[in-house]
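*Asks:* What follows is each chain in one-letter form.
2 protein chains.
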Amino acid sequence: MSKPLFDTLAIIGPGLIGSSIMRAARAQGAVRSIVTSSRSPETRARVVALGIADKVVATNAEAVQDADLVIVCVPVGVCGAVAQEIAPHLKTGAIVSDVGSVKASIVRDMGPHLPDTVHFVPAHPVAGTEHSGPDAGFAELFENRWCILTPPEGTDKEAVDRLSAFWTLLGANVEIMTPEHHDLVLAVTSHLPHLIAYTIVGTADELETVTRSEVLKFSAGGFRDFTRIAASDPTMWRDIFLANKDAVLEMLGRFNEDVSALTKAIRHGDGDALFEQFTRTRAIRRGIIDAGQDTPDADFGRPHGHDD
Amino acid sequence: MSKPLFDTLAIIGPGLIGSSIMRAARAQGAVRSIVTSSRSPETRARVVALGIADKVVATNAEAVQDADLVIVCVPVGVCGAVAQEIAPHLKTGAIVSDVGSVKASIVRDMGPHLPDTVHFVPAHPVAGTEHSGPDAGFAELFENRWCILTPPEGTDKEAVDRLSAFWTLLGANVEIMTPEHHDLVLAVTSHLPHLIAYTIVGTADELETVTRSEVLKFSAGGFRDFTRIAASDPTMWRDIFLANKDAVLEMLGRFNEDVSALTKAIRHGDGDALFEQFTRTRAIRRGIIDAGQDTPDADFGRPHGHDD
Chain R
1 MSKPLFDTLA
11 IIGPGLIGSS
21 IMRAARAQGA
31 VRSIVTSSRS
41 PETRARVVAL
51 GIADKVVATN
61 AEAVQDADLV
71 IVCVPVGVCG
81 AVAQEIAPHL
91 KTGAIVSDVG
101 SVKASIVRDM
111 GPHLPDTVHF
121 VPAHPVAGTE
131 HSGPDAGFAE
141 LFENRWCILT
151 PPEGTDKEAV
161 DRLSAFWTLL
171 GANVEIMTPE
181 HHDLVLAVTS
191 HLPHLIAYTI
201 VGTADELETV
211 TRSEVLKFSA
221 GGFRDFTRIA
231 ASDPTMWRDI
241 FLANKDAVLE
251 MLGRFNEDVS
261 ALTKAIRHGD
271 GDALFEQFTR
281 TRAIRRGIID
291 AGQDTPDADF
301 GRPHGHDD
Chain D
1 MSKPLFDTLA
11 IIGPGLIGSS
21 IMRAARAQGA
31 VRSIVTSSRS
41 PETRARVVAL
51 GIADKVVATN
61 AEAVQDADLV
71 IVCVPVGVCG
81 AVAQEIAPHL
91 KTGAIVSDVG
101 SVKASIVRDM
111 GPHLPDTVHF
121 VPAHPVAGTE
131 HSGPDAGFAE
141 LFENRWCILT
151 PPEGTDKEAV
161 DRLSAFWTLL
171 GANVEIMTPE
181 HHDLVLAVTS
191 HLPHLIAYTI
201 VGTADELETV
211 TRSEVLKFSA
221 GGFRDFTRIA
231 ASDPTMWRDI
241 FLANKDAVLE
251 MLGRFNEDVS
261 ALTKAIRHGD
271 GDALFEQFTR
281 TRAIRRGIID
291 AGQDTPDADF
301 GRPHGHDD
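Protein sequences appear in the order of chains R and D. With UniProt numbering, letter number 280 in the first sequence gets 280, and the count goes up by one each step, no holes. With UniProt numbering, letter number 282 in the second sequence gets 282, and the count goes up by one each step, no holes.
Don't take every hint at face value.
What the hints assert, rightly or not - Each computed DSBU-like pair below joins lysine-lysine, with the alpha-carbon atoms no more than 35 Å apart:
(1) R:K245 - D:K245
(2) D:K91 - R:K245
(3) D:K157 - R:K264
(4) D:K264 - D:K245
(5) R:K264 - D:K245
As the list claims (entries may be wrong) - Derived Cβ-Cβ restraints for the label pairs, each shown as a range:
(6) D:T209 - R:R280: 17 to 23 Å
(7) R:A283 - D:V78: 20 to 26 Å
(8) R:D290 - D:A61: 23 to 29 Å
What the hints assert, rightly or not - For the chain R half of the interface with chain D, some residues (derived, Cβ under 8 Å), not all of them:
(9) W146
(10) V201
(11) F223
(12) I266
(13) F278
Think of the hints as simulated: they come from the structure by calculation, not from any bench. The beta-carbon is built from N, C-alpha and C at its ideal position, and this holds for glycine as well.
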């Protein structure tokens, strides 16, 4: 056990990410006590049953009053309202952070509500699963994953260092960049892939010539991987696309141009162009494995029977 | 060990699929002996070293001469040439099959070369990984996966039954459909997802504002799943898109319409339309898990530390 980095951690919204932070923070001895809040009596009851917080309260105001680290883990679209709600109750010197998948809009929506007596350090742990809710969380979610901090200009350096130490203790690799650059990077590595996955799963479901049962049965050929992505939380993703509209539209425009080029190659039977593109993308996969963000083991959507 | 279903199995092309069939057939006692052929001395040496065939020969003609089951496991684009090459050497009464991911073009390319003294039963085991070559194969690849047989009209029913029994013994669930319907089903469950994955990985690699190193680092947010698909064998996929051009272009057209609709929803800030689409696709994911084609375990591109 390390020496606790904070006395009291408040998690606003004990969902997949919030409950994972609580589990990881406790497992690592990162904080002395954990308080969490949810308006929903069912969610509060689940958190109590799971025993992952020291205190479970009904209002965000009560949750934050003694906290020296407050992490807002709610959909991006309601972060502004939560900031406004908690602002009068924040302890002087507290660090306020979040886990939103977009950052420029978070700075814009939360920043103005927060008093000068606290330190606002937005964060985005790049980790998750397609499951939601307090039961879906687990302590290892952030291990060897990236957590991007996007402190607005002028943020207290010590506050940034303390939050960075917290995420490092939870197993994450911390990177610091501007909110705007973060949004561009994530538009391509996360938002565009999700949009495409949501689209193709919808397209498949609307065919007249191929039944839904056939799509489900023969999904192992590639479609299955898209459905995993397209099963992510709808509210969270609606908010992300609305909040990161410009970067997503920019990436979509480029993607569409590239789809057109490949479509043309297929229509004209240009095998060389197809082969060249497919060879190039293979090298990128290799890079991801080398970067430690995936294993080379083949994935069949079930535990690997043959090599682990 | 079951009673062997065939005396001699010839595998033309001991790659991922071919070598997996050899391993599975031997593990299940499905055949008495296995012969395989490859023009490449390196590949032959690997197969000998792996010990997965009883005989390894340099020519396809020699491989098929004593075989009562011949399975052609080469890229779709060369199946016609292989059929022409082996035709004069096939044993009377032999069953000739393949493993191609498209079927109408296989029937068209291979069928006319094969003599009336053999039974031609095209097949497509819907299974695979992004790895290639004899070392990538494993005996469990077909377990609980689908194998689609597409016998041309007038094919001997007993031959279809025997091949069906073979694939069942290897662990697959067998389904029979027309080559044309197969190609439509696979266009949406496999070919379109691959094309999209190849595209988006290429798009990401060409950005000026986001570096390749950033794309690799932050790929866990969704992009990573696309790179796995986009790492599949380039020759195989070039041939598939050329051979199933019409069905792929049809599916691409529908996909593009759906991308446009979602793009418009983002541009106009229509959160309700996004939420509705994202909720619908979640139900489809549930159907795939119920259909046994995936597990509900979250996937992080690494062995699941928390629940298995």
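*Asks:* Against this structure, judge whether each hint is valid.
*Replies:* Hint by hint, here is what the structure shows:
| no. | hint | result |
| --- | --- | --- |
| 1 | R:K245 - D:K245 | holds (34 Å) |
| 2 | D:K91 - R:K245 | violated (64 Å) |
| 3 | D:K157 - R:K264 | violated (41 Å) |
| 4 | D:K264 - D:K245 | holds (28 Å) |
| 5 | R:K264 - D:K245 | holds (11 Å) |
| 6 | D:T209 - R:R280: 17 to 23 Å | holds (20 Å) |
| 7 | R:A283 - D:V78: 20 to 26 Å | holds (25 Å) |
| 8 | R:D290 - D:A61: 23 to 29 Å | violated (43 Å) |
| 9 | W146 | holds (6 Å) |
| 10 | V201 | holds (4 Å) |
| 11 | F223 | holds (4 Å) |
| 12 | I266 | holds (5 Å) |
| 13 | F278 | holds (4 Å) |
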